[in-house]
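**Student:** Read off the chains here:
Number of protein chains: 6
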Amino acid sequence: MLYHDKRLQYPVKVTTPDPAFARMLQQAIGGVEGEIRVAMQYFFQAWGARGRNPKYRDMLLHTATEEMGHIEMLATAVALNLEKAPASLQEAGAADNIVGAVMGGENPRHVIEGMLQRHILSTGMSAYPANADGVPFDMSHIYASGNLAADMYCNVAAEATGRVLATRIYNAAHDDGMKDMLHFMIARDTMHQQQWLAVIEELGGHAGALPIPNSFPQEKENQEHNYDFFATAADGSPPPAGRWTEGPSLDGKGEFTVFQNQPLGDVPDLGPARPDSSAQKEQM
Amino acid sequence: MLYHDKRLQYPVKVTTPDPAFARMLQQAIGGVEGEIRVAMQYFFQAWGARGRNPKYRDMLLHTATEEMGHIEMLATAVALNLEKAPASLQEAGAADNIVGAVMGGENPRHVIEGMLQRHILSTGMSAYPANADGVPFDMSHIYASGNLAADMYCNVAAEATGRVLATRIYNAAHDDGMKDMLHFMIARDTMHQQQWLAVIEELGGHAGALPIPNSFPQEKENQEHNYDFFATAADGSPPPAGRWTEGPSLDGKGEFTVFQNQPLGDVPDLGPARPDSSAQKEQM
Amino acid sequence: MLYHDKRLQYPVKVTTPDPAFARMLQQAIGGVEGEIRVAMQYFFQAWGARGRNPKYRDMLLHTATEEMGHIEMLATAVALNLEKAPASLQEAGAADNIVGAVMGGENPRHVIEGMLQRHILSTGMSAYPANADGVPFDMSHIYASGNLAADMYCNVAAEATGRVLATRIYNAAHDDGMKDMLHFMIARDTMHQQQWLAVIEELGGHAGALPIPNSFPQEKENQEHNYDFFATAADGSPPPAGRWTEGPSLDGKGEFTVFQNQPLGDVPDLGPARPDSSAQKEQM
Amino acid sequence: MLYHDKRLQYPVKVTTPDPAFARMLQQAIGGVEGEIRVAMQYFFQAWGARGRNPKYRDMLLHTATEEMGHIEMLATAVALNLEKAPASLQEAGAADNIVGAVMGGENPRHVIEGMLQRHILSTGMSAYPANADGVPFDMSHIYASGNLAADMYCNVAAEATGRVLATRIYNAAHDDGMKDMLHFMIARDTMHQQQWLAVIEELGGHAGALPIPNSFPQEKENQEHNYDFFATAADGSPPPAGRWTEGPSLDGKGEFTVFQNQPLGDVPDLGPARPDSSAQKEQM
Amino acid sequence: MLYHDKRLQYPVKVTTPDPAFARMLQQAIGGVEGEIRVAMQYFFQAWGARGRNPKYRDMLLHTATEEMGHIEMLATAVALNLEKAPASLQEAGAADNIVGAVMGGENPRHVIEGMLQRHILSTGMSAYPANADGVPFDMSHIYASGNLAADMYCNVAAEATGRVLATRIYNAAHDDGMKDMLHFMIARDTMHQQQWLAVIEELGGHAGALPIPNSFPQEKENQEHNYDFFATAADGSPPPAGRWTEGPSLDGKGEFTVFQNQPLGDVPDLGPARPDSSAQKEQM
Amino acid sequence: MLYHDKRLQYPVKVTTPDPAFARMLQQAIGGVEGEIRVAMQYFFQAWGARGRNPKYRDMLLHTATEEMGHIEMLATAVALNLEKAPASLQEAGAADNIVGAVMGGENPRHVIEGMLQRHILSTGMSAYPANADGVPFDMSHIYASGNLAADMYCNVAAEATGRVLATRIYNAAHDDGMKDMLHFMIARDTMHQQQWLAVIEELGGHAGALPIPNSFPQEKENQEHNYDFFATAADGSPPPAGRWTEGPSLDGKGEFTVFQNQPLGDVPDLGPARPDSSAQKEQM
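Going down the list, the sequences are from chains A, B, C, D, E and F. Sequential numbering of the first sequence, starting at 1, is according to full-length UniProt numbering. Sequential numbering of the second sequence, starting at 1, is according to full-length UniProt numbering. Sequential numbering of the third sequence, starting at 1, is according to full-length UniProt numbering. Sequential numbering of the fourth sequence, starting at 1, is according to full-length UniProt numbering. Sequential numbering of the fifth sequence, starting at 1, is according to full-length UniProt numbering. Sequential numbering of the sixth sequence, starting at 1, is according to full-length UniProt numbering.
Take the hints with a grain of salt, since some may be wrong.
Repeated chains share a single entry, so a pair holds when one copy, or any two copies, can fit it.
When the alpha-carbon atoms are kept at most 25 angstroms apart in a straight line, the in silico DMTMM-like pairs for lysine to aspartate or glutamate are as follows [to be verified]: (1) K6 to D276; (2) K220 to E246; (3) K253 to E201; (4) K55 to D176.
These aren't lab readings, by the way, just hints derived from the structure by calculation.
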């Protein structure tokens, strides 16, 4: 269970509100690379954690809880960036000077359109759980497979795309308060990338954890093609050479080779449609 | 651009059709861990690939093309598993012997209900691009960030959850043809896990690739907390010790420590609602 | 604007309630082949209809209004099929005799599971706007392109898949009341298929209406490949002959031929990633 | 920001695991009436709260935080209900005795199908953020309008449907541990219904809070029809009498009357399609 | 069943077309606070209405039918606001004077981008069933629980957020025709808020209707915490005092008190993963 | 299975990159009228094709494979149109001259906002599988009914709306390379409209293929109303005359007539709610 503190994890200050920047921040809230995703992903991984060693569950709870505070920071930042924006055309005209100054000469009408989405229409100028396009976050992006190593790579993927996003927003930021907030969040993403990879290391690294799941007897998988790079060029030209085309595999359990892809199966024949399947007569 | 061969990449045989098994296979087609996802993800990563070295683009095209053949195999397997199933209640009664034998004594009505979804109603007993619950695949799961290392971890995540899924389906399989098909696909997942990690290795491994993106000057991120594990227990009790709580970080650029999380910011104050924002008067 | 009559367009009677059948009916309510789709599609086409001749707008309003009555009939049928179903495990035990008779010996627990979705949990045993898998209808399936001929083909497609669905449900029906309701709805689908094709006929049939849109000057499209069947077999083997591989085109404006697909373009080169795009350094 | 305690808010015990019951619990996790919805809705309302009186923000944080603990309890209950379930067909056969005992004579194959969704395939027998049909929760259901009174009614709606759902699940429960957990959660829903209505009372009740938003000058709305019940029967028959057809309005600002609906507007004329809009020529 | 009149319920006039305003109107069509939602919600509540008194069903049909006319008005308004807009860049240049005048000096290119969504690409300048962000309406927002009181609060919530939205659009309107249309629709929202609350009053108000569902024996819920406000501040500081922290509850069945939240349960222990669940070996 | 060629099917050149045009192209990639849809639709129809004549399956594979190359062309075009765009506000200021020239005097800030969606934030300036509004493509739009004739009309609908979209984008194009690419794609849409209608012709045209499915015995459908146009005007005024109101039906199996719609059924009576259904007591 959780407790709250009404103070923020880290200061969130906005000197010059910018509704277009608020829109970017929405991607970090409700985008698939955003903070709702990691918070909920870590919670569901924790709540379903199985295994003799409870420490992974505990660790996940620590970090999931932290991420909730990040959503809060971003939601606060969105609301502050919308603070002084005009709410209607009429007002935009009147406010031209102020907004113009803020936006570096931008036409205020333009600003309105930038916020015209649910920020103005549906939230009264607050954050909402959708991405920068207004597409609501959908929970199918919560990856929690029941396999600890698979989940850790899902988490690395989330933090890698998350830090890419955060640095892009940082590069677009022009307000010192926003830069400060983001430089903190980017640091946290650095740590979280490390953290999930460190679990893989504890689980034996490439040699111990791969192939995932390591509990499936590898002799049950096809032994001819499990370390082959399949080349699919129509003219049979070889693929570019890389770490993955020759040499020992990373898990030390095979040798990389190249295999020219070709049909090992037949043309499928599904047979005619059944009489009562409402196909056309010609299909029966 | 692509070419096709109407033969299958690998044989797909079904001796005893099983509609419930067909439903499981749908997860491998249209689930977030499935083959539509990886095929499309690798294509979009290839089509947007930037960088002086075109080999990553080429490699992605090879594997994306291969994955299209996997969707085809699974779609064929679904259709074959639905082949002999009764299409209506009336017929189910008549077919009791056959189906009963197949299903191990199961009531045929039950079988129908198992297929009642769009397989019977909307496809006439073919595969469709949705998961085992009938939830259509949605393309927001195509991760292609423009950052090569982030994308590789997304791909490892996809192949790790993909192989977990494939082995679970294998464990539930009882038809030799289906086991044979799956033992091939599981082998390919093994290789693909290796392949994407091999790219990370080429890019310098943990030390060279992390933190992702490595092009963002790390001195711009907060230096106090970028290798801290944040502990969030309400009673201040320490988190479990692990590879991530002490010792050098995996990228060799920091030292793991533990930090007891606490509010560094203030209580946010968004100020009153604007007069024309259609809030209640009491909020203004 | 609309008016209502609280009586149904056609009688809806259920003698032996069957929750599994209720689930099938949901596909006809909230499936992509269902009645919400056609009602809303025809309304939006009508509301956006442009052109000197208002009769198409009027016709669409007539039929959209009719379709609303079909949703109502199906929703009523769902509620009646859930009428006598047990609401809990305890009751299912008690009701074994009754339900058992209805279901042909089926275990009542099974029946419950069949209805366990939102019918029992979220609606208190009524219909809801989702398909047989419980996937809510989403309005992106309302096709209204602003091009009358394109819309007519969208409508034919909707009524064709709609009648396929209705006949499949009819084939699975065992209650005379349900068969009667469906035999009426299937007849209406027959008419609606005719109706939209009749508009195409009024617009000049294949010769007059195609290619859609007929307002785009056809000389602006590539004249070399606009009546070619592109063959994509990797080994260059010819495609199967058909009405579409030789002879005059249906619109009388071209001649069908076969063209072996091949790359007419180059390998694309997107250039390196930009310095501030948060790609990996190796991509820049 | 938040802190966690790894203990649960209230005991969660399962004596006889029941995967079908686990599926019902999913509706309370990821259904639109479920706990993810209320937790996130209260957080987003708090994070965007504006107004001179900060107490509503604070109150929302208290309750949002509580609701996170409810998701945790339900996720735990799902995992425990799946604990002893067979993971494969083979095992189901072997485990017939055990499972049969648990399920009251149910065929084990049936049990498997009941869990066949992502519980078995995608989560390894844990909860996931989707409803009982496997439809992932989507965040467009987080209602936070920026208007305090509107939000309170959204919250009452959420808790009213939430308690309806919880009592339905209670009625289907047969395990004492589950009943105990639910009898606690139902009590909390009782309080939360009260709580949001108490805010309305503080805001002046019907007379003070309505119409929402009360900040829009009511003289700007049409004064002829703002307290009329519009009757839409095609034959002009009067609507049923009720509190809403005569007498003073609840806000004391009008008098209820009945108005027979009729077109006050004209047939709309959108004019022809534009020449370059890719409509058919006949529409231009 | 329904009938139609091709005239509009209320006049819809647009003197100066404004595509950006058209975009706002989309939120009132296909947003979660919009008219498709209420029309369909009231229809599904009517179609599933159970109870000895048919008047609630009848009343719902009257109002659902009215709401269909509101969608029509808004769709007409969208089409009229797009009427004179340039369809292409070329034309925008030519039309600069006209559009410039309309838009108050706005660059015409900007206007195009404002409409660039499906209005221009997919509808040929008509309305479509999506919100202002182009997110299609999804029918999971149709709340119809089978509990009359819960549904009434869902309806109040819909009309409260609906009127908030309509007044925000009114505040942004600058065309007299649009203001006239909206001042009518806002009035209707006022009535509809009243109407659904009047049903609650008929059902006994707070004392009679609460807690919802009132058919669940309240003694089965936990009696210790059903009127407690749970405080969740980490430092144990008391929550702000309000109508909900002390005094009699609104239903007169309890007394509000404050309870400092604390774990009443244990740390959950899910046990190890099963051998065949494709978890990592370390979890078994 | 598939093979690839890394060259493009047709040249894709962009002389003057235009991010707003890139956004339009997204509709052709991930819109419901776009290329992902047709590629996947044809593949799934092929993979599920049943019938004695395998040629329809083969034909579908040829064309599905071709369409994959169209997605690739469009994705390349998006990436090239984003090539020179500024990635941040700072840079936009500096780059004013270049961008200004490109955009015809457009304010660079505006350009950024046009791309602000996932193109800049989530893809690093590449295409992604969503429409022009950023709404991800969802696979429920893959129509594959198991009925060949129904599928063909679905394909005509897809190619008709597809060509409408492509011509609209052509009309908005100002770059010669883009016009050249589109004039090729529009030609392919022309052929594909022909191709699917040619299948209908092979299947017997209107007389042979209708009503779809033609395998359902037409005598089982209601014979009174299967060729009636139902008029639904409230005042009983006749519908506009058209090809569909009199004369022989297109399939030659009936005669069109007009029927004034009226209730043939009764007021439905669902009976009271069940005692344990958690309705309000008043409903029981």
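**Student:** Compare the structure with each hint and give your call.
**Tutor:** So, going through the hints one by one against the coordinates:
For the homomeric pair K6 and D276, neither the shortest alpha-carbon distance inside one copy (64 angstroms) nor that between copies (28 angstroms) is at most 25 angstroms. Taking the closest pair of Cα atoms, K220 and E246 come within 25 angstroms of each other only inside a single copy of the chain (24 angstroms); across copies the shortest separation is 39 angstroms, beyond that limit. For the homomeric pair K253 and E201, the shortest alpha-carbon distances inside one copy (17 angstroms) and between copies (17 angstroms) are both at most 25 angstroms. Proximity of K55 and D176 under a CA criterion of 25 angstroms is satisfied in neither setting, with 39 angstroms inside one chain copy and 30 angstroms between copies.
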